[in-house]
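S.K.: Residue numbers (numbering that gives the first Met the number 0): 0 to 138.
No lab work stands behind these hints: they were computed from the structure.
Treat the hints with care, since some could be wrong.
Once the Cα atoms are required to be at most 30 Å apart in a straight line, the calculated DSSO-like pairs of lysine-lysine come out as [claimed, not checked]:
(1) K125 <-> K47
(2) K74 <-> K129
(3) K120 <-> K47
(4) K129 <-> K107
(5) K120 <-> K110
(6) K47 <-> K107
(7) K43 <-> K74
Distance ranges between label pairs, derived from CB positions [stated by the list, open to error]:
(8) Q98 <-> A76: 29 to 35 Å
(9) V116 <-> T56: 15 to 21 Å
(10) E28 <-> A76: 14 to 20 Å
(11) S89 <-> P60: 14 to 20 Å
(12) E28 <-> G117: 29 to 35 Å
Here a beta-carbon is modelled for each residue, glycine too, at the ideal position from N, C-alpha and C.
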Amino acid sequence: MGAIISSLFGGGSTADTEQSSSEPSRVMEFHSSNRWQLHFNSSKQSPKLIVVDFSATWCGPCRFMEPAVQAMASKYANVEFVKLDVDELSDVAQEFAVQAMPTFVLLKQGKEVERVVGAKKDDLEKMVVKHREMPKFAA
Numbered sequence: 000m001g002a003i004i005s006s007l008f009g010g011g012s013t014a015d016t017e018q019s020s021s022e023p024s025r026v027m028e029f030h031s032s033n034r035w036q037l038h039f040n041s042s043k044q045s046p047k048l049i050v051v052d053f054s055a056t057w058c059g060p061c062r063f064m065e066p067a068v069q070a071m072a073s074k075y076a077n078v079e080f081v082k083l084d085v086d087e088l089s090d091v092a093q094e095f096a097v098q099a100m101p102t103f104v105l106l107k108q109g110k111e112v113e114r115v116v117g118a119k120k121d122d123l124e125k126m127v128v129k130h131r132e133m134p135k136f137a138a
């Protein structure tokens, strides 16, 4: 209800109004397979780490992980965090062979480098730290 009123009177998007802090979320959400595919294809040109959070609104462990993912997104500015709802984008979930929620798929240049299944905050953060560094090129 508050989001509807805010949008009528020029407030932020729903994602912004649901944040507990005044900062907007650094986690991108896609609600269209086509938009996700465009983003995914463009990311193949970048060495930047992308963490894709496959979750569902009804999933308790997914809701448990949300604050941790938000915190990591703020802490690791050189990593892109994306949230996809498996019910909205079931074709994308199938493409990545997601069988449980939450599933976090870590991608670099369009290729999976790691996967964390379940509400494992510490494991996820270890994998983010391990893979977030950009490759070093010789000068």
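S.K.: With reference to the structure, classify each hint as holding or not holding.
M.R.: Hints and how they fare:
no. : hint                     : result
1   : K125 <-> K47             : holds, 16 Å
2   : K74 <-> K129             : holds, 14 Å
3   : K120 <-> K47             : holds, 21 Å
4   : K129 <-> K107            : holds, 12 Å
5   : K120 <-> K110            : holds, 22 Å
6   : K47 <-> K107             : holds, 6 Å
7   : K43 <-> K74              : holds, 23 Å
8   : Q98 <-> A76: 29 to 35 Å  : holds, 31 Å
9   : V116 <-> T56: 15 to 21 Å : holds, 19 Å
10  : E28 <-> A76: 14 to 20 Å  : holds, 18 Å
11  : S89 <-> P60: 14 to 20 Å  : holds, 19 Å
12  : E28 <-> G117: 29 to 35 Å : violated, 21 Å
Hint 12 alone, counting from the list given before, is not met by this structure.
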